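Visitor: Each chain, written out:
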Amino acid sequence: MSANRATRRLSARNRELLGLLPASLLVTAGFAGVFIQRSNVISNVSLIYGAIFLGLCLVAHVFIRRRLPHADPYLFPLVAVLASFGIVMVYRIDPTQARQQAQWFVLGLILFVATIIWLHDYRKLERYRYVIMAGSLVLLLLPRLPVIGYQANGAYLGVHIPGLFVFQPEEFAKIGLVIFLASYLRDTRQVMVIGARRFLGLTIPPLKHFGPVLVIWGLAMVILILLHDVGSSLMFYGGLLTILYVATNRISFVVVGLIAFGLGAWYLGSHITHIHYRVEDWLHPFNPHLYHAALGSYQIANGIFAQAAGGMFGQGFGQAVLTIPGNPPVPLLPAPQTDMIYAVVTDELGLFGAAALLLVYLMVIWRGFKTAMLARDSFSTLLVVGLTTMLGLQVFVIVGGVTRVIPLTGVTLPFVSYGGSSIIANFVLVALVLLASDRARTPAIATRTPADPSRASTSENE
Amino acid sequence: MNKPILRIFIVLVLLFALLLVWTTRWTVIDASQLQNNPLNVRTLLDELKIKRGRILADDGTVLAKSVPAPGGTWHRSYPTGSLFAQAVGYSTAAAGDSAGLELSRGPELRGVQTGLSSVFGQLGGSPRVGDDVYTTLDPKAQRVAVAGLAGRVGSVVALDPRTGAVKVMYSNPTYNDNDPHATGPNISNFNRATQAAYPPGSTFKVVTDTAALTSRRYTPSSVVNGDSPKIIGGVPLANDNNQSFGNIDLTTALTFSVNTVWAQVAEALGRVTMTDYMQRFGFYTKPPLDYPSDEMSVSRPFSPTGAAYPPASPREDIGRIGIGQGGLAVTPLQMAMVAAAVANGGTLMTPHFTSRVVDPTGVTVETIKPSVWRQVTTPSMAAEITQMMRRVVEEGTGTPAALGGISVAGKTGTASVGLPGQGFTQPWFIGFAPVPHPKVAVAVTIERTRGGFGGTVAAPIARSVIQTLLSEGQ
Numbered sequence: 001m002s003a004n005r006a007t008r009r010l011s012a013r014n015r016e017l018l019g020l021l022p023a024s025l026l027v028t029a030g031f032a033g034v035f036i037q038r039s040n041v042i043s044n045v046s047l048i049y050g051a052i053f054l055g056l057c058l059v060a061h062v063f064i065r066r067r068l069p070h071a072d073p074y075l076f077p078l079v080a081v082l083a084s085f086g087i088v089m090v091y092r093i094d095p096t097q098a099r100q101q102a103q104w105f106v107l108g109l110i111l112f113v114a115t116i117i118w119l120h121d122y123r124k125l126e127r128y129r130y131v132i133m134a135g136s137l138v139l140l141l142l143p144r145l146p147v148i149g150y151q152a153n154g155a156y157l158g159v160h161i162p163g164l165f166v167f168q169p170e171e172f173a174k175i176g177l178v179i180f181l182a183s184y185l186r187d188t189r190q191v192m193v194i195g196a197r198r199f200l201g202l203t204i205p206p207l208k209h210f211g212p213v214l215v216i217w218g219l220a221m222v223i224l225i226l227l228h229d230v231g232s233s234l235m236f237y238g239g240l241l242t243i244l245y246v247a248t249n250r251i252s253f254v255v256v257g258l259i260a261f262g263l264g265a266w267y268l269g270s271h272i273t274h275i276h277y278r279v280e281d282w283l284h285p286f287n288p289h290l291y292h293a294a295l296g297s298y299q300i301a302n303g304i305f306a307q308a309a310g311g312m313f314g315q316g317f318g319q320a321v322l323t324i325p326g327n328p329p330v331p332l333l334p335a336p337q338t339d340m341i342y343a344v345v346t347d348e349l350g351l352f353g354a355a356a357l358l359l360v361y362l363m364v365i366w367r368g369f370k371t372a373m374l375a376r377d378s379f380s381t382l383l384v385v386g387l388t389t390m391l392g393l394q395v396f397v398i399v400g401g402v403t404r405v406i407p408l409t410g411v412t413l414p415f416v417s418y419g420g421s422s423i424i425a426n427f428v429l430v431a432l433v434l435l436a437s438d439r440a441r442t443p444a445i446a447t448r449t450p451a452d453p454s455r456a457s458t459s460e461n462e
Numbered sequence: 001m002n003k004p005i006l007r008i009f010i011v012l013v014l015l016f017a018l019l020l021v022w023t024t025r026w027t028v029i030d031a032s033q034l035q036n037n038p039l040n041v042r043t044l045l046d047e048l049k050i051k052r053g054r055i056l057a058d059d060g061t062v063l064a065k066s067v068p069a070p071g072g073t074w075h076r077s078y079p080t081g082s083l084f085a086q087a088v089g090y091s092t093a094a095a096g097d098s099a100g101l102e103l104s105r106g107p108e109l110r111g112v113q114t115g116l117s118s119v120f121g122q123l124g125g126s127p128r129v130g131d132d133v134y135t136t137l138d139p140k141a142q143r144v145a146v147a148g149l150a151g152r153v154g155s156v157v158a159l160d161p162r163t164g165a166v167k168v169m170y171s172n173p174t175y176n177d178n179d180p181h182a183t184g185p186n187i188s189n190f191n192r193a194t195q196a197a198y199p200p201g202s203t204f205k206v207v208t209d210t211a212a213l214t215s216r217r218y219t220p221s222s223v224v225n226g227d228s229p230k231i232i233g234g235v236p237l238a239n240d241n242n243q244s245f246g247n248i249d250l251t252t253a254l255t256f257s258v259n260t261v262w263a264q265v266a267e268a269l270g271r272v273t274m275t276d277y278m279q280r281f282g283f284y285t286k287p288p289l290d291y292p293s294d295e296m297s298v299s300r301p302f303s304p305t306g307a308a309y310p311p312a313s314p315r316e317d318i319g320r321i322g323i324g325q326g327g328l329a330v331t332p333l334q335m336a337m338v339a340a341a342v343a344n345g346g347t348l349m350t351p352h353f354t355s356r357v358v359d360p361t362g363v364t365v366e367t368i369k370p371s372v373w374r375q376v377t378t379p380s381m382a383a384e385i386t387q388m389m390r391r392v393v394e395e396g397t398g399t400p401a402a403l404g405g406i407s408v409a410g411k412t413g414t415a416s417v418g419l420p421g422q423g424f425t426q427p428w429f430i431g432f433a434p435v436p437h438p439k440v441a442v443a444v445t446i447e448r449t450r451g452g453f454g455g456t457v458a459a460p461i462a463r464s465v466i467q468t469l470l471s472e473g474q
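Sequences listed follow chains A and B, in order.
Quick note on numbering: this note's numbering labels position 188 of the first sequence as 188, and the sequence is numbered without any gaps.
Quick note on numbering: this note's numbering labels position 436 of the second sequence as 436, and the sequence is numbered without any gaps.
The shape of chain B in the complex, shown without the other chains:
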């Protein structure tokens, strides 16, 4: 009777092999798919047991911390509340959603589990503790930005042009990240600094200027006729108040923000050259910021129906794009990067929030070193553009940004928004200081004013933020 017994044994071995194959299927092959199954709440519950690391500002202010909650779980608390809500974001593991740095630095904040520590570390049952994330954010300057906006809808971004460090990022209205799902007037999770689609107005002339000079088709003293109106893209384009300037050089044209001159320059450079320099500044791609990709928009021209134009599309009106109109939509962060690139001698550094990651024992496990993202132009060209932008603040449209004793370079913008004739404008200011060795680059915008100008509305906010950051020894 031994032969049938052997056969039965083989059958049982095969059945057990089947069990093993299926166990492998769930534990290894399909594991990640199962963990992402919307019905699976297990991963989220595990998250609650992890003591996430803190998020700290540059000066050591705690922006996010974990406090004990019942059942061995942790609750996230944000001591600064709405001040840094958009940059820091939130993490509510119970609802399974998170945003901002809480999301983009999630792996560090949860603590990276190596293969060995996940086997042995957890046998000991020690609770998982994540790493602390130190940011470059500056609470003092951020408060100045909040005060400057004074409740108006808009955004302020300040970067250190030498490193790409984000010092200030504020968008109004904001929300309280201790209660991220509250709704109401003046509460918004939409981070205008990284997600808005604003016409940059005349601040974009810095990009056109960079293209003009770096392509060596123009110099700061090249003369262009600044009469108004001029036919641009087949349609007449006028200067402010339909003012004609006659034949003027580019420096003067930037100082007084002459639309017809820069539209002609952009048309003369052509779509390909203009697009090339826009791409060097970071247009057409999401910024390489350590921030969730879903919470950042791409700055680029759009058609009147709202469809994104492909780069150098023949349908776009490159003349009007050259003065920051023509369907061009940008984020304040992108315009801060434009200012930072010029400020840093034409080298655009990778923007970043995080300076270092420190494990619970105090050992720095990761330091974010400044890195070059794009080479936009040469140092000598950047110096020439800087000189032109200094004139804007010294005697042009940007004089309210001037600081006594400190040389500020900048460019105003006043984009018309809303229906023509209603007189709504979006004031802008981008700039940096101190020249010749800038330490701060800013972009400020107010979403909608009745007839306000970049120089009068946005430039004073930029000035106070720059002043604060420089006084801290930046």
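In isolation and in its complexed conformation, chain A is listed as follows:
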């Protein structure tokens, strides 16, 4: 039986190893394509980049093999595909930023490894849940502080430490809030339902237990009103609401939450100038007046024109027009490496390339939810569901913004967009999911080290 288990274990990790091959091929072929386009020669630099990338992924793989032998074999290769694709796309847009992105990628991998080492029993996070919550809220508020906070396109999303770096704290706050809510609801989810009264067919949980949830919810909303960012707020609400729904299995919470969100969004849309403009741009991007206005629809309209230029198969790597030639060149597609990267992907690789990218994200989400279903304790389930949903909603918010499904807001396309905070935070996110996955998929007889004595009393029966 142990031999049988050993082969299965090996095959899972070998599957992961095999999965890294397409990622390395992609990064090599991608760089080769960009080089050919640039200078009509296949530089061996593309092979070096591919080799370095393969080496890094192999190191991470060996690490996962040793530390998390039972973890989901598909997640890491999928993330590697996304990250390599991202580096190639960013390189094609701006080689300097691609070099930075590669450094962030390395730092992300280091934090990925560090997370797996330090939080090997990630359930100890539960002990610090209020600290984590407070920290997350502070992170969310940072961009509004004087000196270090800064505003981009009307939204307060970044923190700028002069001479050092710029980072987007909300990328980390999203993880913190999920940890807090998953942990909090593990304790209170039964009480919230059992002790609830029913009123007009809706389940009203006792205020004592639901209170803190309401508080963090309201607080997060206030912060987001201050930050002027509907897209992130949709992502946060969706993630937190999902955890609540999965924890309680009460659709009424979702309904009430969505109504509350709808009212909030309507209020913001009609009362905050910046958001009002975004909604107008979303509704009438091709109105010449809005197109030429400040905070107008120039970006969204050109994002759509870029997608139309791509068509079914795209124009090919490096063929998208990003600037109007001239002196100085005028940006035709503002923020191509961050907000608008999906439009560049569609322009160059077409509907098929865009669909493939969305499919990879959907596979990541699928593996995440699979992990959540396999998890043996409700904290793990709620944590993984929350993190996965946040990731999925983040993709929806930015791609939906670029494709005009919803108003455009600037969040990153996870692992693909240029941005250090994004890539690092998302590597930590994946590390947490892999930790939960390893724990869930470890055979029942395998040693379950009682790392946390406090957990011995609270028996889980999931």
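Keep in mind that a hint or two might mislead.
[Unchecked claim] Simulated restraints on C-beta separations: (1) B:V62 - A:L283: 45 to 53 Å; (2) A:G264 - B:H181: 47 to 55 Å; (3) A:P334 - B:V365: 35 to 43 Å.
[To be verified] Facing chain A, from chain B, some residues (calculated, C-beta under 10 Å): (4) N2; (5) I5; (6) W26; (7) T27; (8) S32; (9) Q35; (10) P38; (11) N40; (12) V41; (13) R42.
Hints in this document: simulated from the structure, not taken from any laboratory.
Keep in mind that this is a model prediction, so the values were computed, not measured.
Here a beta-carbon is modelled for each residue, glycine too, at the ideal position from N, C-alpha and C.
Knowing the structure of chain A, use the given hints to seat chain B on it.
Guide: Then chain B, alone, in the frame of chain A:
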């Protein structure tokens, strides 16, 4: 807790499906509409990166070529400048406008992208290079036409009647296609050869003659009274100098361009028959030339208020139309096609500029073969009309078009323009040579002269153009 997770997953899948549907909407469903959106400058920028093919004259002279410009783009240069500006046109992708062959042969000049080459060819990043377009235009004869017009406002068109090839097309004033948007006196983008609305005057009698003979209502020796004036359309019509010719046959009536005879013939044939033959010659439709439709006018009668009469309208004065007046407005190209149809034994060939399209590797990817557009009349009828037109040049109004040793057939026209009594005329000449196997058909007109005649003003220009083209072995 697995059921809610599954539901959440389904919701996320649906949300992603929404993203895919919207991406499809922009990339496929609405793509062409978006590419034509006036706010979208992307398509124009892409154009600048394409090395458009050259446009060449029949003798290999380069009429248009692409020269490198900064930023991997190309700039269009026209070595012959104003000489062929109206036929060749221009393409300024930056401003997004183009004209002439640059517009009508745009797909070839940009290079056709097949589905496969657009996927794989561009992954390699090789710059797009368009095909060369070889035309039938003749620079030497074109220069002769320019010299013949000598700065006067007017137009010259020469066709090869056997193939429909356009050998000469010039309209004065012209412009320099290296600077297509310059304005000033003696600069015009209006191509009179294809866009003007001129009264054809007596040159139109060739059409009336064709209708008369082909309908077998008349022969060249049919006798009609040529006294002046005659009541035509309820209003008296006079000959030149109110001259009366008595009873004369049609050959004589054409030789001396007797208005009253041909107006009576047109009235006797009636609107339906006349309109039928006009349509056979190409009136009432735009010419099937490889030239932008917007830069061609339809030749047809118009009411005094400027509204186009429908074919065979009972309100039109068919007698005066039969002598090229009565609100009839034509292009020089149309009149060249009239001459070409008679010259080619009654078969009107499709007019065309392009002879072949050659890809960058030198392979001819398309050859424009001569094709029949309309059967106007029979070869025997065409031969009879030709004999009548020979008399015009040999002893009638068109003697200045005569060439020593070469038999030229033609018809003059002198349309009165401007207010009556001012004495402004528009001289015309249409003709072809050499009879009996014509290789060149021309139409020449000067827009406005003070009392000039077709025979004295237009015919000499036609003669020199014909002479040049024939000397080149056409």
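Visitor: Against this structure, judge whether each hint is valid.
Guide: Hint-by-hint comparison with the structure:
For B:V62 and A:L283, the Cβ-Cβ distance of about 51 Å falls inside the hinted range of 45 to 53 Å, so the restraint holds. The supplied range of 47 to 55 Å is met by A:G264 and B:H181, whose beta-carbon atoms lie about 54 Å from each other. In this structure the supplied range 35 to 43 Å holds for A:P334 paired with B:V365, their Cβ-Cβ distance being about 41 Å. Below 10 Å, beta-carbon pairs count as interface contacts, and B:N2 has one with chain A at about 5 Å; its hint therefore holds.
For B:I5, the interface hint holds, the least distance from its beta-carbon to any beta-carbon of chain A being 5 Å, beneath 10 Å. Hint on B:W26 holds. Least Cβ distance to chain A is approximately 4 Å, under the 10 Å limit. At a threshold of 10 Å, the smallest CB-CB gap from B:T27 to chain A is about 4 Å, leaving the interface hint in force. Using the Cβ-Cβ criterion of 10 Å, the hint placing B:S32 at the interface with chain A is satisfied: the shortest such distance is roughly 8 Å.
For B:Q35, the shortest C-beta to C-beta distance to chain A is roughly 6 Å, which falls under 10 Å, so the interface hint holds. Interface restraint check: B:P38 against chain A, minimum CB-CB distance 8 Å, threshold 10 Å, status holds. With a cut of 10 Å, the hint placing B:N40 at the interface with chain A holds, because the nearest CB-to-CB distance is about 5 Å. With a cut of 10 Å, the hint placing B:V41 at the interface with chain A holds, because the nearest CB-to-CB distance is about 7 Å.
Hint on B:R42 holds. Least Cβ distance to chain A is approximately 5 Å, under the 10 Å limit.
In this structure, every one of the numbered hints holds.
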